[in-house]
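Peer 1: Residue numbers (this note's numbering), protein chains in the order written: chain Z, 2 to 287; chain C, 2 to 287; chain D, 2 to 287; chain B, 2 to 287.
Bear in mind the hints are in silico, worked out from the structure with no lab data behind them. Just to be clear, a hint being listed does not mean it is correct.
The list treats identical chains as one, so a pair stands whether inside a single copy or across any two.
As the list claims (entries may be wrong) - Keeping only pairs whose Cα atoms sit at most 30 Å apart, straight-line, the calculated DSSO-like set for lysine-lysine is:
hint : residue 1 : residue 2
1    : 239       : 173
2    : 228       : 173
3    : 180       : 228
4    : 228       : 254
5    : 254       : 173
6    : 108       : 97
7    : 168       : 180
8    : 180       : 97
4 protein chains.
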Amino acid sequence: MKHRLNVWVIGGDQRQVYLAELLHREGHTVHIYALEQAVEDCDEEPSQAHLADCVILPLPVTGNGSLLNTPLSHRSHPLSAILDALRPGQVICAGKVDPNTAALAAKRGLVLHDYFAREELAMANAVPTVEGAIQIAMEQLPITLHGARVLVIGCGRIGKLLAHRLKGLGAKVSLSARKCADLAWVEAHDFCVEHTDELDGWLCPYDLVVNTAPARVLDAERLSELKEGCLVLDLASKPGGVDFEAARQLGVKTIHALSLPGRVAPMTAARAVWVTVCNILREEGL
Amino acid sequence: MKHRLNVWVIGGDQRQVYLAELLHREGHTVHIYALEQAVEDCDEEPSQAHLADCVILPLPVTGNGSLLNTPLSHRSHPLSAILDALRPGQVICAGKVDPNTAALAAKRGLVLHDYFAREELAMANAVPTVEGAIQIAMEQLPITLHGARVLVIGCGRIGKLLAHRLKGLGAKVSLSARKCADLAWVEAHDFCVEHTDELDGWLCPYDLVVNTAPARVLDAERLSELKEGCLVLDLASKPGGVDFEAARQLGVKTIHALSLPGRVAPMTAARAVWVTVCNILREEGL
Amino acid sequence: MKHRLNVWVIGGDQRQVYLAELLHREGHTVHIYALEQAVEDCDEEPSQAHLADCVILPLPVTGNGSLLNTPLSHRSHPLSAILDALRPGQVICAGKVDPNTAALAAKRGLVLHDYFAREELAMANAVPTVEGAIQIAMEQLPITLHGARVLVIGCGRIGKLLAHRLKGLGAKVSLSARKCADLAWVEAHDFCVEHTDELDGWLCPYDLVVNTAPARVLDAERLSELKEGCLVLDLASKPGGVDFEAARQLGVKTIHALSLPGRVAPMTAARAVWVTVCNILREEGL
Amino acid sequence: MKHRLNVWVIGGDQRQVYLAELLHREGHTVHIYALEQAVEDCDEEPSQAHLADCVILPLPVTGNGSLLNTPLSHRSHPLSAILDALRPGQVICAGKVDPNTAALAAKRGLVLHDYFAREELAMANAVPTVEGAIQIAMEQLPITLHGARVLVIGCGRIGKLLAHRLKGLGAKVSLSARKCADLAWVEAHDFCVEHTDELDGWLCPYDLVVNTAPARVLDAERLSELKEGCLVLDLASKPGGVDFEAARQLGVKTIHALSLPGRVAPMTAARAVWVTVCNILREEGL
Numbered sequence: 002m003k004h005r006l007n008v009w010v011i012g013g014d015q016r017q018v019y020l021a022e023l024l025h026r027e028g029h030t031v032h033i034y035a036l037e038q039a040v041e042d043c044d045e046e047p048s049q050a051h052l053a054d055c056v057i058l059p060l061p062v063t064g065n066g067s068l069l070n071t072p073l074s075h076r077s078h079p080l081s082a083i084l085d086a087l088r089p090g091q092v093i094c095a096g097k098v099d100p101n102t103a104a105l106a107a108k109r110g111l112v113l114h115d116y117f118a119r120e121e122l123a124m125a126n127a128v129p130t131v132e133g134a135i136q137i138a139m140e141q142l143p144i145t146l147h148g149a150r151v152l153v154i155g156c157g158r159i160g161k162l163l164a165h166r167l168k169g170l171g172a173k174v175s176l177s178a179r180k181c182a183d184l185a186w187v188e189a190h191d192f193c194v195e196h197t198d199e200l201d202g203w204l205c206p207y208d209l210v211v212n213t214a215p216a217r218v219l220d221a222e223r224l225s226e227l228k229e230g231c232l233v234l235d236l237a238s239k240p241g242g243v244d245f246e247a248a249r250q251l252g253v254k255t256i257h258a259l260s261l262p263g264r265v266a267p268m269t270a271a272r273a274v275w276v277t278v279c280n281i282l283r284e285e286g287l
Numbered sequence: 002m003k004h005r006l007n008v009w010v011i012g013g014d015q016r017q018v019y020l021a022e023l024l025h026r027e028g029h030t031v032h033i034y035a036l037e038q039a040v041e042d043c044d045e046e047p048s049q050a051h052l053a054d055c056v057i058l059p060l061p062v063t064g065n066g067s068l069l070n071t072p073l074s075h076r077s078h079p080l081s082a083i084l085d086a087l088r089p090g091q092v093i094c095a096g097k098v099d100p101n102t103a104a105l106a107a108k109r110g111l112v113l114h115d116y117f118a119r120e121e122l123a124m125a126n127a128v129p130t131v132e133g134a135i136q137i138a139m140e141q142l143p144i145t146l147h148g149a150r151v152l153v154i155g156c157g158r159i160g161k162l163l164a165h166r167l168k169g170l171g172a173k174v175s176l177s178a179r180k181c182a183d184l185a186w187v188e189a190h191d192f193c194v195e196h197t198d199e200l201d202g203w204l205c206p207y208d209l210v211v212n213t214a215p216a217r218v219l220d221a222e223r224l225s226e227l228k229e230g231c232l233v234l235d236l237a238s239k240p241g242g243v244d245f246e247a248a249r250q251l252g253v254k255t256i257h258a259l260s261l262p263g264r265v266a267p268m269t270a271a272r273a274v275w276v277t278v279c280n281i282l283r284e285e286g287l
Numbered sequence: 002m003k004h005r006l007n008v009w010v011i012g013g014d015q016r017q018v019y020l021a022e023l024l025h026r027e028g029h030t031v032h033i034y035a036l037e038q039a040v041e042d043c044d045e046e047p048s049q050a051h052l053a054d055c056v057i058l059p060l061p062v063t064g065n066g067s068l069l070n071t072p073l074s075h076r077s078h079p080l081s082a083i084l085d086a087l088r089p090g091q092v093i094c095a096g097k098v099d100p101n102t103a104a105l106a107a108k109r110g111l112v113l114h115d116y117f118a119r120e121e122l123a124m125a126n127a128v129p130t131v132e133g134a135i136q137i138a139m140e141q142l143p144i145t146l147h148g149a150r151v152l153v154i155g156c157g158r159i160g161k162l163l164a165h166r167l168k169g170l171g172a173k174v175s176l177s178a179r180k181c182a183d184l185a186w187v188e189a190h191d192f193c194v195e196h197t198d199e200l201d202g203w204l205c206p207y208d209l210v211v212n213t214a215p216a217r218v219l220d221a222e223r224l225s226e227l228k229e230g231c232l233v234l235d236l237a238s239k240p241g242g243v244d245f246e247a248a249r250q251l252g253v254k255t256i257h258a259l260s261l262p263g264r265v266a267p268m269t270a271a272r273a274v275w276v277t278v279c280n281i282l283r284e285e286g287l
Numbered sequence: 002m003k004h005r006l007n008v009w010v011i012g013g014d015q016r017q018v019y020l021a022e023l024l025h026r027e028g029h030t031v032h033i034y035a036l037e038q039a040v041e042d043c044d045e046e047p048s049q050a051h052l053a054d055c056v057i058l059p060l061p062v063t064g065n066g067s068l069l070n071t072p073l074s075h076r077s078h079p080l081s082a083i084l085d086a087l088r089p090g091q092v093i094c095a096g097k098v099d100p101n102t103a104a105l106a107a108k109r110g111l112v113l114h115d116y117f118a119r120e121e122l123a124m125a126n127a128v129p130t131v132e133g134a135i136q137i138a139m140e141q142l143p144i145t146l147h148g149a150r151v152l153v154i155g156c157g158r159i160g161k162l163l164a165h166r167l168k169g170l171g172a173k174v175s176l177s178a179r180k181c182a183d184l185a186w187v188e189a190h191d192f193c194v195e196h197t198d199e200l201d202g203w204l205c206p207y208d209l210v211v212n213t214a215p216a217r218v219l220d221a222e223r224l225s226e227l228k229e230g231c232l233v234l235d236l237a238s239k240p241g242g243v244d245f246e247a248a249r250q251l252g253v254k255t256i257h258a259l260s261l262p263g264r265v266a267p268m269t270a271a272r273a274v275w276v277t278v279c280n281i282l283r284e285e286g287l
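Could you build all of it, start to finish, from the sequences and the hints given here?
Peer 2: What follows is the structure in structure tokens.
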């Protein structure tokens, strides 16, 4: 990778602000646009953006309608205007690229590299996601996580890492999975094994239940089994895995915690984006 | 220990409320007094308190002047009035018993067992203290504790446990101590070793510094070494180990976090008090 | 699954002996054949084996030529003779089924379920493999693993689990990988990250190097970088990842440790086979 | 501490050999005596030993009768002859100094600093002791420590560290103690709590029992409760805490594992001695 890059950081939230700072500290030439509520030295126009080696658009790239996602700008920025300022051949990175935006880019001969679609970012984001979940649980529960009985549903990246961290804090962790290989993983890593399809009747001991599976695993019947005071955290993307309406009626406290990395550890999240962008740059030969 | 006790829980904060609930669930006869802002079924008078097997006064036992500490009562309760209602021979437990209060009790032939002075409560309280410190650090820092460089100063109960937990969360933990045996403990448990007297010049890498030592270890000079954004948590009792005025002038963010167990995990803290009271009861032959 | 099965355990090593014991303790009817050097109550003929619900052949199923693998039998047992005693419709499980043996079975209308090919056994076997590697390292090194610098090459099941366990023992663990997602996994789990392709010039600090990757990663040049006394363990299947001849000439101590589960923890290994066979039985509707 | 010392390493086992090597690598002038079976460049006479800044005698210092402990020498070395070669004012370090030897030294105006009596060495030695115990258990048991139920008796340095390490390997660890504060420690560190006085009737589930307490805790009755195949390791100094004769009659496999540091990790043990000697040197103003 080239030692000194010309990078444009355009739009987005606090994470993009930290990203720009990080790039600056690493010695790159950084231009910032559409972040003027948080950064003083923003560019006023994207007119020089075509000179950039690399352009980093936000996560998600799209805001309302066909606008760029710019919560820290006073103005609205149509995606088309931003894309018009770029040129083919630049490495343009963006998060959660939807088909519309991809089409707008393609029409101009631009390729949007979706950093959010890459496995290494998913893995890196698991770290602040898990830590955010732990922070919320600590804030909400009148007991310590140490000694608490916790059920983590789902044995993907986040479920596995969350189980490790909770054990590190002294919680008694059960991890539920469906596939034979996952169940074997759970045993090999010293957690209590549960089968996600066979949770009925076994939910009463938990102080905390965290869902990470993208499926309706906590329906009204299962929610009604939970003991008083049990907290339910849902980390799965919308619509999540909890029947929130039933929970409300049953008086079960539930929190659907989304987009944790940018909220609880924006600096760490920014670094994770940058590591991923660096991988893209290397692959593109820069 | 007798299976069913008559216990009076008198005064104090949310911790006493949870303690009463816990005793009730365990099948004991529980009377509650001077907690009427939090509990409906309080006794109106302590006139039957002399019938109790065990009386649990709050932590700390004394509020302003010679009053019982009763933040959840509408009224003021002079300690003398409470003690007048008790009788010699009861097991009377209280937290942080000061000489004045002890003298008031002695005059009436009462013995106050100070549960806060017992080692097992100090150890048990280390758990919510450490978890509370972690919660605050998570809330305050824009980075994850995972990957953060943390210095824990002091190698007592809390320093040791905090170091373990932080490592469980993936932090890079240095632990500073003074005694040869403590330094050997630090090495044996795989933390980076620092000598508390030789920290000068070595404080710049940390993202978080937590003091647990009852001595002024973080003076203006050391504080000035910390890198921008470093958070300083002081867990040592007043006056703490940080020059807070210097920190304010230097722009170093500091938090003096006291009485964490009752604040972050009152239910766990209540249970710890009860375990300790049970030990006292056993020793008293009840 | 049926509560009481009729199971035949045929041939193999100590692992099969423990497997038979385990089945017996669980209440199944167990017949044992071709294990007479280790078990007294062996059947003398497999003539009743066609009555079994489930037949468990050894791992690997094939010994020399076309014989069953029977290290604990006085006699030679041609595979064809064993297969002749079985009948289509039985659940027949075997480990590492080679094409020849599969063909012999197919000719008789038998299906051999290869338990060794299943992911859950691979995961379960990682546990004793990793523990065996640790035992060997402890036996061979004049230092403790605590404090030792260890490089684990390869970020599959075994590499990951080994890294966890070594950290649990206090070793300083680096884990090398190639894929971006694996490198992110390594960071997320707090190990030092190395890139397997960029190890040249960075191998001198290690006290122990464990290869788990199925590729020649430790050639003469890399071996020559290792410091005196460094131990090299190769856990990869033959031919392994080490240039053993170069190691011999360089005086680097290397151990190619294969088939560890059956050797270091045959009882645990037997249990893992049984859990896998149970999964097969369930899938076959037994 | 002076950068370059003149050190004499006299007598002892492999640990002293490694200690001499370590000192040599650190740039000190090293003389070696009474280790000629393991080291080529030994001095033939201790006649220049009075020139040393520091003399390191073995652990234990005394062999048979009034001889120096010299298992790696062809000859016998009376302690008096060695002490005659030294001079008052040198820092003379020795391990497990018995009253006779101390008296012999005192008569000559020499002070023997007993490094084995220092807390930091006890702590540092806990590391290889614990690792040695784990190695033995791995070698002896047909199951993995992962998943094994282990009882550690005694909550001192070694019991605590062993419990941590076993948990790191995935064992299910119970830790038994007597004092309230220790019991609270066990809970705070997430181990199962047992009371050493109340083990009767609760010993049947364990696969491994390790005693670290200097008291007869495993008598015939308790041993008879252990399940078949349970291994008993005794790490307590002679006479240990196990009724070995009863164990033999009951067929319980027991191992009294003593002096593990020098046996399983002599290089680590040597380093621990040197760190301790350095502390002594600093205290003596060298």
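Peer 1: Each hint needs a verdict: does it hold in this structure or not?
Peer 2: How the hints compare with the structure:
no.	hint	in the structure
1	239 to 173	within (28 Å within a copy, 34 Å between copies)
2	228 to 173	both (16 Å within a copy, 27 Å between copies)
3	180 to 228	within (28 Å within a copy, 34 Å between copies)
4	228 to 254	within (11 Å within a copy, 40 Å between copies)
5	254 to 173	within (20 Å within a copy, 32 Å between copies)
6	108 to 97	within (19 Å within a copy, 54 Å between copies)
7	168 to 180	both (22 Å within a copy, 26 Å between copies)
8	180 to 97	both (29 Å within a copy, 22 Å between copies)
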